[in-house]
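Asker: Each chain, letter by letter, is given below.
Number of protein chains: 4
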Amino acid sequence: MLKDKCGLFGIYTQKKEDLFHLMYLGLSALQHRGQESAGIAATDGSAMYLQKGVGLVSEALHENKIGKRKELAAIGHVRYSTYGASVLDNAQPLAARYSGGVIAVAHNGNIVNANNLREKLEYSGSIFQSATDTEIIIHLLARLPGKKIEEALPSVLKELKGAYSLLILTNKKLIAIRDPWGFRPLAIGELNDRFLVASESCAFDIIGARFIREIEPGEMVIISENGEKSIKFARQDEHFCIFEFVYFARPDSRLYRRDVYKVRKALGEELAKEKPVEADVVIPVPDSGTPAALGYAHKSGIPFDFGIMRNRYVGRTFIQPTQFTRSLGVRIKLNPLPDIMNDKRVIIVDDSIVRGTTSRMIVKMLRDAGAKEVHFRISSPPIKFPCFYGIDTPNREKLIASSSSPNDIAKFLGANSVEYLSIEGMVKAIGLPKDRVCLACFNGKYPILE
Amino acid sequence: MLKDKCGLFGIYTQKKEDLFHLMYLGLSALQHRGQESAGIAATDGSAMYLQKGVGLVSEALHENKIGKRKELAAIGHVRYSTYGASVLDNAQPLAARYSGGVIAVAHNGNIVNANNLREKLEYSGSIFQSATDTEIIIHLLARLPGKKIEEALPSVLKELKGAYSLLILTNKKLIAIRDPWGFRPLAIGELNDRFLVASESCAFDIIGARFIREIEPGEMVIISENGEKSIKFARQDEHFCIFEFVYFARPDSRLYRRDVYKVRKALGEELAKEKPVEADVVIPVPDSGTPAALGYAHKSGIPFDFGIMRNRYVGRTFIQPTQFTRSLGVRIKLNPLPDIMNDKRVIIVDDSIVRGTTSRMIVKMLRDAGAKEVHFRISSPPIKFPCFYGIDTPNREKLIASSSSPNDIAKFLGANSVEYLSIEGMVKAIGLPKDRVCLACFNGKYPILE
Amino acid sequence: MLKDKCGLFGIYTQKKEDLFHLMYLGLSALQHRGQESAGIAATDGSAMYLQKGVGLVSEALHENKIGKRKELAAIGHVRYSTYGASVLDNAQPLAARYSGGVIAVAHNGNIVNANNLREKLEYSGSIFQSATDTEIIIHLLARLPGKKIEEALPSVLKELKGAYSLLILTNKKLIAIRDPWGFRPLAIGELNDRFLVASESCAFDIIGARFIREIEPGEMVIISENGEKSIKFARQDEHFCIFEFVYFARPDSRLYRRDVYKVRKALGEELAKEKPVEADVVIPVPDSGTPAALGYAHKSGIPFDFGIMRNRYVGRTFIQPTQFTRSLGVRIKLNPLPDIMNDKRVIIVDDSIVRGTTSRMIVKMLRDAGAKEVHFRISSPPIKFPCFYGIDTPNREKLIASSSSPNDIAKFLGANSVEYLSIEGMVKAIGLPKDRVCLACFNGKYPILE
Amino acid sequence: MLKDKCGLFGIYTQKKEDLFHLMYLGLSALQHRGQESAGIAATDGSAMYLQKGVGLVSEALHENKIGKRKELAAIGHVRYSTYGASVLDNAQPLAARYSGGVIAVAHNGNIVNANNLREKLEYSGSIFQSATDTEIIIHLLARLPGKKIEEALPSVLKELKGAYSLLILTNKKLIAIRDPWGFRPLAIGELNDRFLVASESCAFDIIGARFIREIEPGEMVIISENGEKSIKFARQDEHFCIFEFVYFARPDSRLYRRDVYKVRKALGEELAKEKPVEADVVIPVPDSGTPAALGYAHKSGIPFDFGIMRNRYVGRTFIQPTQFTRSLGVRIKLNPLPDIMNDKRVIIVDDSIVRGTTSRMIVKMLRDAGAKEVHFRISSPPIKFPCFYGIDTPNREKLIASSSSPNDIAKFLGANSVEYLSIEGMVKAIGLPKDRVCLACFNGKYPILE
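Protein chains in written order, with the numbering used here: chain A, 1 to 450; chain B, 1 to 450; chain C, 1 to 450; chain D, 1 to 450.
Warning: the hint list may mix true and false statements.
For chains that are exact copies, the list does not tell them apart, and a pair is met inside one copy or across any two.
Stated by the list, open to error - When the alpha-carbon atoms are kept at most 30 Å apart in a straight line, the in silico DSS-like pairs for lysine-lysine are as follows:
| # | residue 1 | residue 2 |
| --- | --- | --- |
| 1 | K364 | K333 |
| 2 | K158 | K364 |
| 3 | K364 | K68 |
| 4 | K428 | K262 |
| 5 | K262 | K333 |
| 6 | K333 | K15 |
| 7 | K15 | K364 |
| 8 | K273 | K299 |
| 9 | K299 | K172 |
| 10 | K148 | K445 |
| 11 | K16 | K333 |
| 12 | K70 | K273 |
| 13 | K15 | K428 |
| 14 | K273 | K147 |
| 15 | K372 | K411 |
| 16 | K148 | K161 |
| 17 | K428 | K158 |
| 18 | K273 | K161 |
| 19 | K398 | K333 |
| 20 | K70 | K411 |
| 21 | K70 | K333 |
| 22 | K158 | K229 |
Source of the hints: derived by calculation from the structure; they are not laboratory data.
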């Protein structure tokens, strides 16, 4: 089973218009959530059209050459993970025909009991054409013939454990679903009577649409010619993913009623309070550490500056790695500004440390650029446990913080000090009750298990 | 449900070698059976690899760039039909995972009770990701969990009515199946201990392999590390498709123990006996009428010549048709040699007339080139009924012979005469007992119905 | 310098219309003259558009996506030779800007004093961006500033020795030129007031156009808004290329006032008279030997039949040759019909033997298929000398007939006999005076040298 | 003639190695200088290889599939401008053959007397295959046959007026040239005995190479097996382009002995001194205004923050603009953070205003996001005159500052105030003598004219 860390976008409109441009822009705004494949399923009310491709939205999706279509609704997906040649088979939306007609599904999250469900389904005769947990959802639905889709779905969803924000498209309806724990975000918007749904609000902004509200955990919203209907299919048991705030969402998005950028700055401020150190300059690891570094600088009174520039155009190079290019390491992506660091005591801020290998190269880069002291500050607590709800973290053995103290990590990185934000500090900066967020990757307390 | 008029090729080898070149050549030799998409599924004994693409084998299939694989077996498919955007979804082989593991299926033929079966399957929870009847076979198999595939297959096949030559690949076995009626051909060959299977023997010739025998109607052949095993899953009730001889198979293939080219010449000879006419020259409609025209000329003593040349490179043009290109009609593909026809009485021979529109343009072309008389001779009887077993014939209303006599057709075509071979003459030329061939498209007697 | 064996097509129309479809079809009909690249230059009267690509016309050329253009004239080219990576640089038409404005040139033939001219031009300051002799023509023209193009061209052409059929396009004029020796063909046609020019008349047939006449050797035809003007820029000294008849032109073309197909049959008849042998069947090497084999059969009274089928879809495969595919040799392209040859004395007819390696594989193929005797008959004399005028023949050492007698060749091929048509027989069959054809490849008498 | 705003990168190595990876990375680091096409010419000492393509380096350039080459030297180019279909013809390096052998040229800058030179060349017989002024340089060189290239070049360069940083590659030598005025940058670096040359030093950093020095204005450096030789071909008359500092170069590059990032911050500081205003927050227009905004904030003591986020993935979308997407305007690329601006007095800093249309949309965006006051501050003086030396500025009429005062511009933008840095302040911040920089776009004093 693959882990999905993806982005969703959907539109329903009574205008019957070609939805490609809106879908294209909406998915582009969510591109940071997945850059490996992209797809759109659209319906004109009687037939469904599907296109998927490998790469960025601009590489994977193309305007219909035959002419404009009168489309009623569409759902789209950008995908993070790829596993070799199978990339296209697992691209989403996934479409199939079952007793209820044609259906397309796009999914963000990870079903933890997927293997279990799939084995049961296979044993009772289901066949699978992808390696995604999303296909399970269609199979479960197909096992309930004769029911309307909104009546069948609650029984299907009851069987699922884990993280799932879902968009479902039939030839007549668009359905948006968020799991009872609310792990992954999903929001509703509006653009001149068009109903919109997106993983993050930044997808509304790009097309000048209005953010309305987030879908509630355990809520299913059905849009059809009869208008919008909301069903609570399960009791809400909120455990928002903290990592959407720390790293994954776009800073200009609004999540769980919080501005992401503002939260990230607050994390940096809290970090400055908890883990102060004397220094001459605060610099971010670009771009992930920038808002927190700014918050740290504001609170500490130490000047903020840019000490590292990003090579924006080599992030997705397709050249085969050679011994030489490997030896260049992080230098291919990041370039230090010696003038900023030379003979200075430098605080460098990032959002997290996973394996520690990149951070180590960054410390060396700063030292080579003349930094007198390097203090690494992390705007989240140590990641000690893997995520089962859709964030693609490695095994415990590879998570440096699972076995090493901040002091040990400082030695490994070659830094003068390494300090993390505390769980309490993080929760406070985010401003949500501690029991309504998922802290599993930090404290190992998993809200649900298989 | 789409009708499949396709080509199959498969290899099983204990050598564990990269099978791409052999598959590529074998499928290329069968390209006349389908030019719209091509695909290969291959296994190295533990993992299955699938590639499919649109167009000719040379356009659709590409060597693995990562390096050679140690492959145990592979099956491939070339496909005839396309229906708009869905072309890739319906391309074969079709692969899926079920309780028995991963499986790939390639299919030539048409299941007549497919709609019926699909409805039943959908009602009991199956989902479909293609519009092919092939997917039904995998679903039926998946409904029999816990059984070995060769034990489950006979029950599955008992449910199928219609035409099916099948290749099935698992990570351990290659299985070749021919329906009890034997509508579509399927033959076994050998190349230095490699087991081969192909729709037509010409696919063996191209790689220097040896033709061994045809698979019997109602026979299933399983190749695995335990060698070759043959199972008769149903009583044989032979109804070979006559059209494979008349038009569809390659002239250098061997089918039902007959040489196709020789049969086609014999059809022309028989036609000359049945439907003689005084004339100066016998010419074929290239390339379909060439062997029969040669037979007709031999038997009648009237000189054979080429009167029409084919524009070999414009058969598959992708330019958008315009009013002007449509007005050119058959001229884009065929060019007359006026010198051959001028002031002559011409017998033109083709294998069949379907709608009559192309034949009409050809008669006009010969007249314009100076032919004094044009006698159309057809080396098969009038097609009056649609085929349900895999030949893509139009509805009865569009079959000109279903409502018009040869005289009426002659008037429509502008020919001096139009004559067909009789059913008796055709059967005699082919040399098979009349009750062992399918004559449905000529006499409406369908061996099986839904 | 590369040798060009190419096809030309051009249109001039007062209608101002999008010429893409006509150009596409015309070039497709000439595809047999060059399959490695294709290009079109078109003018709307004030700006010139150029597109070129690698491969067949259907692969290389694409309709303008922006919309239809109002075009005044266009010239196009299909190219035979490729030399590695340089394929696009040498693709034609070649376009450049010089003191007289923008110009595009398409060329069929080979300038024998090209190296000489290029050295002179380079020494006096010219730079070259292709490896084609065509670029020389533009340079020579650019050296005559201030002259009208039709006034400058005669001086330019006087410097050229060798074979050149040329199409030249400016924003106002289309100019068609044939060298004084008339090595390569070039003909004028008409389609509803559109002026057409093409290497062979079959390009007129495909679009329903009328063949008017061939351009005379040493003639230049200029089409502009002032109509059509003909200039004789040199005294005619006809030496038509015999090989256009023997092999290169399409059988349905009309060249030098002869029907190519009729000439090829006549070559076979003459061969039957000159080189008879007792046998049971006459078969062609498809497709090159087919008309001559038919002529041989007619004249000799021995039955004509097809003994070898062509694998039409593997002619242009792009798979990397491996040891195994090389071992398959001609089998990949040709497949014998054993039933036709078994226990028979076979006459096999081809148009020529160059190196002898393919012919040898064909003889072995016939023997393996059961032929009792194999008599190879060639419908042209032995090729003993290389061509310098645009046919891509190898060096003398590789021309098997340059050093071996027919008997020796029979031994090399494994044939019972090998016999060629005599020069006299060939000239007689063609029906042109011996002093008006080029026989250099047969007798070494080169009409012009560098 | 097209204007070139481009990037150059070159390598010469005695190691004879495949240079693709180094070229690919070096050009990627210069991607900000041109994103429309990319190309590499490389020599193995006897043959030259050329590849060019449309788009980013990652789209345009591909590793040689045939295998690694033993290359002696290579030059590469990224290009800014595109003009419709002609994009590939004008891509660089430009290669040609002349009396001195094969040569490739890559050019950054703009020759102001190009039309004049081209007319002269055309009149005396030269033909042009591109619309670039670069081709003129090869022609001029070709007019001096018999001379060594380094002897011929000074005479050629004397004829050129305008901006030219050049890389020239022959099969034996790499030559780097900078015009006497030094408009465009060009620097020398070293990586383990490999000689490097690049438009900006950031191209050395990405591969871990060492910056050595800038090439002097009027200097030509020749690298060959005889080592490195420097020739002063003209008296130096420095007029460095100010805009490389203000906007064009990468912040982590080092130009004219100054750190670009540091200069940009200093421009912001100077601006704060010259044009202060009371406000609550300083925000940049990302990314162009970021360093200056930080400088402004530091100097003024007003907090720096990010108020606008960039949609990184929609910068280069290829969807056809529609009325709807046009109505979205700058929103497609930029997204405001309302929380930062709401009810605040905002200073927004950018590097320049050209037409004013984008700035106007940004002001509206800030107002909509709740800004109480909007003060636009520009870290360079008003651009009143077009550039003739390689920066692609529009005509005077379209330069808003050529006819409008800051107050008028403020009205047009809807800003509370608009203020520019003075010429004196800019020169002071850069720290170069006023007579050694080109200020033509600000004051109309052009160092050279045609």
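Asker: Check each numbered hint from earlier against the structure, then list the numbers of those it violates in ascending order.
Answerer: The structure conflicts with hints 2, 3, 9, 10, 12, 13, 14, 17, 18 and 20, although it agrees with all the remaining ones.
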